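Enquirer: Protein chains in written order, with this note's numbering: chain A, 141 to 329; chain B, 7 to 406; chain C, 13 to 184.
What the hints contain is simulated information worked out from the structure, not anything from laboratory work. Please read these numbers as outputs of a predicted model, since none were measured by experiment. Hints may be right or wrong, so weigh each one.
Stated by the list, open to error - One side only, chain A facing chain C, incomplete, derived with CB under 7 Å:
(1) 226
(2) 256
(3) 299
Stated by the list, open to error - Below, in silico cross-link-like pairs of lysine-lysine (DSS-like), each with a Cα-Cα straight-line distance of 27 Å or less:
(4) B/116 - C/114
(5) C/169 - B/334
(6) C/92 - B/379
(7) B/334 - C/92
Every residue gets a Cβ at the ideal spot worked out from N, C-alpha and C, and that includes glycine.
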Amino acid sequence: MGLLDAGITKHNMLVTSVDNVLNWARLSSLWPMGFGLACCAIEMMATNASNYDLERFGIFPRSSPRQSDLMIVAGTVTMKMAERVIRLYEQMPEPRYVLSMGSCSNCGGPYWEHGYHVLKGVDRIIPVDVYVPGCPPRPESLIGGLMKIQELIRMEQIGISRADALKKLAEKSVDPRFIIERERKAVGA
Amino acid sequence: MQELDTAGLGSVRVTRKSDTVVILEKDLATEQMVLAMGPQHPSTHGVLKLECLTDGEVITQAEPYLGYLHRCFEKCCENVDYPAVVPYTDRLDYLAGMNSEFAYAITVEKLLDIEIPRRVEFIRVIVAELNRIASHLVAIGTYGIDLGAFTPFLFCFRDREIILGLLEWASGARMLYNYIWVGGLAYDVPADFLKRVKEFVNYFRPKAVELSELLTENEIFVKRTFGIGIMPADVAINYGWSGPMLRGSGVKWDLRRNDPYSIYPELDFKVPVPDGKHSVIGDCLSRHLVRAWEMDESLKIIEQCIDKMPSAEGFNSRSAIPKRIRPKAGEVYGRAENPRGELGFYIESDGKSTKPVRCKARSSCFVNLSAMKDLSKGQLIPDLVAIIGSIDIVLGEVDR
Amino acid sequence: MEEGKVISQLVKESAAAYSIIHEKFGLAISDFDANETMPFFEVVDASLWTEIALFMRDHPKLKFNYMACLTGVDYPAEEKLGIICNFESLALLNHKLAVKVKCAREGGSIPSVACVWHTANWHEREAYDMFGMTFAGHPELRRILCPEDWEGYPLRKDYKVQDQYHGIKVPY
Numbered sequence: 141m142g143l144l145d146a147g148i149t150k151h152n153m154l155v156t157s158v159d160n161v162l163n164w165a166r167l168s169s170l171w172p173m174g175f176g177l178a179c180c181a182i183e184m185m186a187t188n189a190s191n192y193d194l195e196r197f198g199i200f201p202r203s204s205p206r207q208s209d210l211m212i213v214a215g216t217v218t219m220k221m222a223e224r225v226i227r228l229y230e231q232m233p234e235p236r237y238v239l240s241m242g243s244c245s246n247c248g249g250p251y252w253e254h255g256y257h258v259l260k261g262v263d264r265i266i267p268v269d270v271y272v273p274g275c276p277p278r279p280e281s282l283i284g285g286l287m288k289i290q291e292l293i294r295m296e297q298i299g300i301s302r303a304d305a306l307k308k309l310a311e312k313s314v315d316p317r318f319i320i321e322r323e324r325k326a327v328g329a
Numbered sequence: 007m008q009e010l011d012t013a014g015l016g017s018v019r020v021t022r023k024s025d026t027v028v029i030l031e032k033d034l035a036t037e038q039m040v041l042a043m044g045p046q047h048p049s050t051h052g053v054l055k056l057e058c059l060t061d062g063e064v065i066t067q068a069e070p071y072l073g074y075l076h077r078c079f080e081k082c083c084e085n086v087d088y089p090a091v092v093p094y095t096d097r098l099d100y101l102a103g104m105n106s107e108f109a110y111a112i113t114v115e116k117l118l119d120i121e122i123p124r125r126v127e128f129i130r131v132i133v134a135e136l137n138r139i140a141s142h143l144v145a146i147g148t149y150g151i152d153l154g155a156f157t158p159f160l161f162c163f164r165d166r167e168i169i170l171g172l173l174e175w176a177s178g179a180r181m182l183y184n185y186i187w188v189g190g191l192a193y194d195v196p197a198d199f200l201k202r203v204k205e206f207v208n209y210f211r212p213k214a215v216e217l218s219e220l221l222t223e224n225e226i227f228v229k230r231t232f233g234i235g236i237m238p239a240d241v242a243i244n245y246g247w248s249g250p251m252l253r254g255s256g257v258k259w260d261l262r263r264n265d266p267y268s269i270y271p272e273l274d275f276k277v278p279v280p281d282g283k284h285s286v287i288g289d290c291l292s293r294h295l296v297r298a299w300e301m302d303e304s305l306k307i308i309e310q311c312i313d314k315m316p317s318a319e320g321f322n323s324r325s326a327i328p329k330r331i332r333p334k335a336g337e338v339y340g341r342a343e344n345p346r347g348e349l350g351f352y353i354e355s356d357g358k359s360t361k362p363v364r365c366k367a368r369s370s371c372f373v374n375l376s377a378m379k380d381l382s383k384g385q386l387i388p389d390l391v392a393i394i395g396s397i398d399i400v401l402g403e404v405d406r
Numbered sequence: 013m014e015e016g017k018v019i020s021q022l023v024k025e026s027a028a029a030y031s032i033i034h035e036k037f038g039l040a041i042s043d044f045d046a047n048e049t050m051p052f053f054e055v056v057d058a059s060l061w062t063e064i065a066l067f068m069r070d071h072p073k074l075k076f077n078y079m080a081c082l083t084g085v086d087y088p089a090e091e092k093l094g095i096i097c098n099f100e101s102l103a104l105l106n107h108k109l110a111v112k113v114k115c116a117r118e119g120g121s122i123p124s125v126a127c128v129w130h131t132a133n134w135h136e137r138e139a140y141d142m143f144g145m146t147f148a149g150h151p152e153l154r155r156i157l158c159p160e161d162w163e164g165y166p167l168r169k170d171y172k173v174q175d176q177y178h179g180i181k182v183p184y
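Same shape as in the complex, but just chain A (with noise of 0.2 Å):
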């Protein structure tokens, strides 16, 4: 039986800060915007399905930009695009969070230079939290990118801004050679 639960069933009390109580909330169900542009669109959608499980995670896409905290650039933005992927940034309810996903959204990926259709970073239109690297990402660094946005979540205070919340989160970055040498040695490899 859980803490929780427990507090629940013997009338017990919990003590935090409302800070940790919403944030917890939040990082719970993130629900991201089904919103595929290519072909990291399919990776996203495995990560969906079966092997990969988000719900696990509390992570289930929805069709409406209205229901959605979190925006996965799933994709090459085109310049025809661009205009749509800014409009539905902004029929998100706050506060809304952006992951881009793939080389092609951080940066233009192999169509950098001589793609004259396509915009060269998704960041140049609107803001992103999180980027997730790789042509297309694996299942695997996506949900690696979702907890980061977990994390960043996490870090985020009533009264601090985003961009102290993503600084908090880039000083306490945890380094995960650390922790894979640290099991290592723990199982004796």
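On the provided structure of chain A, position chains B and C as indicated by the hints.
Expert: Here is chains B and C on its own, set in the frame of chain A:
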């Protein structure tokens, strides 16, 4: 083809009985409305925009707008060397990267006029057919979602992951492989690859049956697709349809059979076409059935390839790759059967440069989608989704 | 055709199809180019293109009912633009043939064959979008892939990409 002449009727309330639209009430006071669908819409399979003129529930005209994923493939090709085009071809039809590479490779090889080692051909066919199954699984799974069935999607993606795992093992990437190079392959397949592929074939056979029990025999699914969006064979040919779309209209035409390339003439497989018993020939259900049957044929092809595969002794997958690809001046139009139809490449070489002067991709989805205006006329709005799903578009290939 | 050169069956079939067209149109079409990779002929008198197309589709011995591809091409050396069409008689006679049509680079026009093969409709729009030649008689000739207000024709060899599009920087 099912058409409803709504001109002069005012507005109508209609219902659908198997394959005909029945008018219930005439002259209802509704006005013509423009319904924009996409570019962000869950059932347009990407960034397609359809501007529908509707009269009540009936679509009087649906005009597709493309270009939301125009990634300048042809411009990129003109600026890179022949081998460097291969990764771009992956990104055309990103659900079937191997097949796109295959089409490009055989086109340039035709221009170069070089011989390919036999083992390379066999490996190419195996990976291409595996990718065809993976692509059809996505097509079938998302078609289920479009029509309101979520479970088949999960089943399809579960099995697709196994194929992606196999292809990743061979090439190093899950989706965009850069594996089939002009004149050869990036690597030989790993030692136990064929054994695992065989295991997969044995695993997948019953799963394909399960999938068809789950979706194809589902009454709701059949009701949503039976007799919808009928395309007669001659009109389909005039529209330039190819692949499962054309076969769905009853034309027994498969480039692997009718314009054979690689080792396909040595292999024994059927070209499935609807017989009219389960569906109206040319409707959405026929096209779905063709895809489902094709997966079985692909399994057969893979099995035969494994049995006939030449040994790996002294084999170098890069032995036939020219040091410097500079074809003699000339033009070539080469093509291969993609999961979505005929993927053709027109390549022009000036004989001096290592870059193609012009490289055009003839995309199957682009051509198949051009019939949308005709197909959707007089259909109901919910049937529009069924029609788009049955065309099985990949926007990367439509817009290039 | 050179003597002693081995000519494959496919090229022979194309040559036979060509001779039927040549019989009817004579000097309006060029000589047959019997290469192995893509045998083709060129339409010299472009104004007859729609007529030739209809003849190719309907003649009982030609029956080119399937247009596989229509490619736009830029020939800056000749100051010309052109299209290349690949035809096939699908499921009927199974022969193939390619046709080239050229027009002037600036303000050039080619008759549309969208009324003959539906496939040509979108392909001609694409060629117009990328190269800027017009197709006379096309039902709705407007840009298909690039936005309506895009500047220039991207696949011309001398294309310079625009700096800004609706306030967004275009080059890297």
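Enquirer: Going straight from one Cα to the other, do residue 92 of chain C and residue 379 of chain B come out at no more than 27 Å?
Expert: 33 Å, violated
Enquirer: When you check the alpha-carbon spacing of residue 116 of chain B and residue 114 of chain C, does it fall within 27 Å?
Expert: Roughly 26 Å between the alpha carbons, so the hint for residue 116 of chain B and residue 114 of chain C holds.
Enquirer: Taken at face value, is the distance from the CA of residue 334 of chain B to the CA of residue 169 of chain C at most 27 Å?
Expert: 21 Å, holds
Enquirer: Once the shortest beta carbon distance from residue 256 of chain A to chain C is found, is it less than 7 Å?
Expert: 4 Å, holds
Enquirer: Does residue 334 of chain B pair with residue 92 of chain C here, judged by a C-alpha cut-off of 27 Å?
Expert: 23 Å, holds
Enquirer: Min Cβ distance, residue 226 of chain A to chain C: is it shorter than 7 Å?
Expert: Interface hint status for residue 226 of chain A: violated (9 Å vs cutoff 7 Å).
Enquirer: Hint check: is the beta carbon of residue 299 of chain A less than 7 Å from a beta carbon of chain C?
Expert: Not OK, violated: residue 299 of chain A not within 7 Å of chain C, min 34 Å.
Checked against the numbered hints above, the structure breaks hints 1, 3, 6 and satisfies the rest.
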